[in-house]
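So the sequences go chain by chain: W and L. Each step along the first sequence adds one to the number in our numbering, with nothing skipped, and position 84 is 84. Each step along the second sequence adds one to the number in our numbering, with nothing skipped, and position 406 is 406.
The set of hints was computed from the structure by calculation and includes no laboratory data. Some hints here could point you the wrong way.
Okay, the calculated beta carbon distance ranges per label pair [said to hold, decoys possible]: (1) Leu145/W with Arg156/L: 55 to 61 Å; (2) Gln191/W with Val143/L: 39 to 45 Å; (3) Gln191/W with Ala66/L: 34 to 40 Å; (4) Leu295/L with Leu125/W: 40 to 46 Å; (5) Val324/L with Asn86/W: 37 to 43 Å; (6) Asp130/W with Glu332/L: 31 to 37 Å; (7) Gln191/W with Glu332/L: 31 to 37 Å; (8) Asn86/W with Pro45/L: 45 to 51 Å.
Quick caveat: nothing in here was measured; it's all calculated off a predicted structure. All residues carry an ideal CB built from backbone N, CA and C; glycine is no exception.
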Amino acid sequence: MPLVNFTTREITCKLVYYGPGRCGKTTNLQYIHGRVPENRRGSMVSLATQSDRTLFFDFLPLELGVISGFTTRFQLYTVPGQVYYNATRRLVLQGADGVVFVLDSQARRFDDNLESFQNLQENLLDQGVDIRQLPLVLQYNKQDLPGDLILAPPELDDAFNFRAVPSLPADALHGTGVFETLRALSGIVLQRLATRPPAP
Amino acid sequence: MSDVLTAPDLETFLLDPANRAAAVAARAVADASGVPYGPLVVVGPHGSGKTELLQAIATRLKAQHATASVELMVPDVLAERYRGALALGRGDAFRGTLIAADLLLLDDLERLVRHRDCQGLVADLIDARRSAGREVVIAADTVPSALVGLDARLVRRLEEGTTVSLSLPGAEARLGILRRRAGGSATPLPESVIRAIAEAEFPSMRDYTGAVARLGAFQEASAVPLTPRDALLLIGAPAGLSAPEPEVEELPVVAPPPPIAGEAEDELGAFLTEITASVSEQVDRWRRRIGEAVLRWSGEGLRTRRLELLLQDEVSGDPEPVLVGFEADAREIQALAAEAAQLAPDLAGAEMFHDPDQVGAARAMVAQARRRSGPLSAPLAHYRLEDLAEGPGNRLALQAARELLQEPGRRYSPLIVVGGSGVGKSHYLHALGNALAARGIAPVACLGGRAFVAEVLALPDDEALAAWRLQYRWVGAFLMDDLHLVAGERRAQEELLLLVGELLEGQRQMILASARPLEELAGLDHQLLERLLGGMVIELPPPDREIRLAVVKRLLAGSVAAQDAALADYLSSRPAESVRAVQGIVQQVLGEAAAQRVGPSPALAREVLEVMELGPSRGRRRIAGVATSGILSPGASLVRGREKMVDEWPSIADRLIPELR
């Protein structure tokens, strides 16, 4: 649930990018980071391994300014995709207001996507969160790759989007679909301000 | 520069993400989107473009609706116009003009602190325009609550609105603004010059636009294209700035923005616009909900302080539980007030029943009232004022009753009714009690003097006495019959004196009936006497001929003699000291007629009534000349009461035997 603090007049939303390793989660954040003016963004914190994989998590705070009297902030996180960092994933997932599940569209990564998606559901369940109640957007990344290597969005929808959540094709490296994904998730998260009372 | 190109444009503000929220709100106002800002307060430092934003709103509105009336002014102008209008006696007209304008824009709010006499006007304008669904946009260089000397009510009104911040645009946005400014010039400034100016550091946007204007004028007068270095020297840009290198200088043509930057603006801009709209909608939805709740509950006469706090900055916590809690308390306090009205009418008007914040105290008060409110003796329901026959004798009393019912407790309280036995005091008292109850006065306590004395004497201790007092202290009206029976009862009189004092103070109606004038009552406490005589004393005399006739007709109604006017006239002519006596006369005649198995007639009435008056000896003599039914009493004594005769003839058989003989 977005944190609405009526005392300090702040709205803070925590959005988490989830997905298998090397699917493009950090690339999403890097693209956003590169497009946001300095006065609107904090430092992007990225803890990476020697092989440039995310070790802990990426964190990108976005200051959206004062909207209707509320200082509005988005906090974007990624989780480490590698299987053995599940404890970190669970930690980052705590208190998430919404999740972007980034899939690698390559056909050969199908199983990785599936495993990560199941891992997301398990981790949410462990925290008492029903994935059906959490704002979720699927991003089919790497759609710029040759067609014979990837699965098309309808195919990925058939396999993963059985709950009919918003899904968007993307090429995070060049920015295609990055902001569209963020907008789609933000819209759902902010709508919950009205459907449920905000937290104190 | 052409007007079109120099006219402020909201798109200029959209270029800068930092000001997007303000631009979106401004555009919503200009487009009359229906989003209630009420008012929209734009806060930004000096030179951040507030005035330009207000002008942009006006321009956009006028572009869409050429006939729209827009009032844009600063406090000094507002004050001058207002004072001028007041001097001409046209203050209301001026106020009306500002209320009726399609859009009201007030710049430089901070200058309003010098015009205290106009601060109330601005607050009123905000209220009136908000009620009329018209927007007010106000620009200030700081948040209103930080302005010393600003009327608290106005500050509250401004805080109830929507505040958006405006800051000095970043270099990219400045570039866009300056390009737009320079675009209309006959001799356009080179792009490198505009970029150099945009990258210079001035404290306010006015400095940038002023620099472009000055350089534009210089360029028009000069055949030599300006270089960035010369331009910065000309405008006296702050030292230490490095102008772009001459070798990268571009042709003096307005170039499109770099593609990457443009894409970034589009992507981030679209994102921010959507987020701004989303957040505004959700937050304003809360604000609207709270505002609606304030209107609803205050309209029902309840204090809404708790909700009003939600609209202020100092509110802490989540509004939803506060709103839900307030509405629950409000509903409970209304139910408690309704119950209190039944238990103790004077309590219903108490302050605590209008303030949901005092629901605890109200709950305790009603609980106490419930415990102490025992059953009160009520007036007998079958007595009605309409059934009282009206005549010259009781006309004053009936008129007083009618007037009393118009303003219970305020006129004729206490009302003292004095009259002999059977003249209709009890009927009058109970009927008035029922009429008061029918008018919502509750509860109406109605009891006799003897019962009152008995209640007081039966109180075992001080606690019981206190409860008993409380029971009567809360009545809506207090009626006592047979007041004369209280005379001589010291404790009862003390309590009655106390009660009369409290009920008088509470403006509750009191009506007391006595068989004798109060001054003649031996043993009546003089303080109580004085209190009671301070009210209205009305005498109910013995029934006059008119009343007697009405009573007789009512008693004869339904009998075979109902249409016998002569009988009714005769019976009403008989002297009677009370209505009860009239009833006796009629019953005597009807009974005799029934006994003789004849219809009631004037002759029979005379036989029954006048012979009775003459006494036993004379009656015996006169009976001979009167046609009778032939039924003779064993003693042949007509002066004996019928009841006696019936007693002596316990059965119809016994009566028939002598007749057969």
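The hints, checked one at a time:
1. Leu145/W with Arg156/L: 55 to 61 Å: At 60 Å between Cβs, range holds.
2. Gln191/W with Val143/L: 39 to 45 Å: 29 Å, violated
3. Gln191/W with Ala66/L: 34 to 40 Å: 38 Å Cβ-Cβ, so the 34 to 40 Å window holds.
4. Leu295/L with Leu125/W: 40 to 46 Å: The hinted range 40 to 46 Å holds for leucine 295/L and leucine 125/W, with Cβ atoms some 45 Å apart.
5. Val324/L with Asn86/W: 37 to 43 Å: Because 40 Å falls inside the window, the suggested range holds.
6. Asp130/W with Glu332/L: 31 to 37 Å: 36 Å, holds
7. Gln191/W with Glu332/L: 31 to 37 Å: 33 Å, holds
8. Asn86/W with Pro45/L: 45 to 51 Å: 49 Å, holds
The structure is inconsistent with hint 2 alone, although it conforms to all the rest.
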